[in-house]
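Each step along the sequence shown adds one to the number in this note's numbering, with nothing skipped, and position 123 is 123.
A few of these clues could be false.
What the hints assert, rightly or not - Restricting the straight-line Cα-Cα distance to at most 20 Å, the calculated cross-link-like pairs of lysine to aspartate or glutamate (EDC-like) are:
hint, residue 1, residue 2
1, K129, D102
2, K117, D85
3, K129, D93
4, K35, D90
5, K132, D90
6, K35, E76
7, K65, E82
8, K117, E103
9, K77, D90
Keep in mind the hints are simulated off the structure, nothing from the lab.
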Amino acid sequence: MSQTAFKCLNMKILYKTIHILRSTMVAIMGITLGKKMPEVVGADVADKTGNRHLGIIEFPVPVLKGNMKELKAIREKLYEPEFSDLTVVDFSDLAQGCKAYDEFIEKMGSTAEQELKYLGLTICGTKKKVNKLTGSMPLLR
Numbered sequence: 001m002s003q004t005a006f007k008c009l010n011m012k013i014l015y016k017t018i019h020i021l022r023s024t025m026v027a028i029m030g031i032t033l034g035k036k037m038p039e040v041v042g043a044d045v046a047d048k049t050g051n052r053h054l055g056i057i058e059f060p061v062p063v064l065k066g067n068m069k070e071l072k073a074i075r076e077k078l079y080e081p082e083f084s085d086l087t088v089v090d091f092s093d094l095a096q097g098c099k100a101y102d103e104f105i106e107k108m109g110s111t112a113e114q115e116l117k118y119l120g121l122t123i124c125g126t127k128k129k130v131n132k133l134t135g136s137m138p139l140l141r
């Protein structure tokens with residue numbers, strides 16, 4: 001059985017005010033992944049006093065950094081048949097600029113993929129394939 005790998009790629013952002021947007025983007029991609037892959041979330045647990053806590057993801061989630069050019073190149077590779085079994089959540093400048101989901105649907109429908117600027121990618125699948133795409137990227141610190 002293959003080992004599962006999960007990596008969240010994130011554009012390196014230098015401005016303090018952007019940290020909130022980056023955190024929001026990672027949260028949004030995590031929610032989307034949780035909907036697509038509910039099996040990666042562990043069972044609820046109880047603490048010593050009996051209080052219940054919702055399960056969290058069952059494996060580590062490294063957050064990597066890269067620039068827009070790197071994210072775009074990885075996203076393009078993810079459309080290739082070799083990577084079709086990976087689960088991918090992307091977050092673009094278009095998504096960031098929308099105030100409502102209906103607006104997102106409408107704008108995506110009239111935007112070519114080449115026009116999108118990716119701010120973040122979440123990739124989940126076999127460790128070998130995920131690392132093939134992301135192996136040289138450093139951790140976000």
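Verification of the supplied hints:
no. : hint           : in the structure
1   : K129 with D102 : violated, 34 Å
2   : K117 with D85  : violated, 23 Å
3   : K129 with D93  : violated, 26 Å
4   : K35 with D90   : holds, 14 Å
5   : K132 with D90  : holds, 18 Å
6   : K35 with E76   : violated, 23 Å
7   : K65 with E82   : violated, 23 Å
8   : K117 with E103 : holds, 17 Å
9   : K77 with D90   : holds, 13 Å
Violated hints for the displayed structure, listed by number in ascending order: 1, 2, 3, 6, 7.
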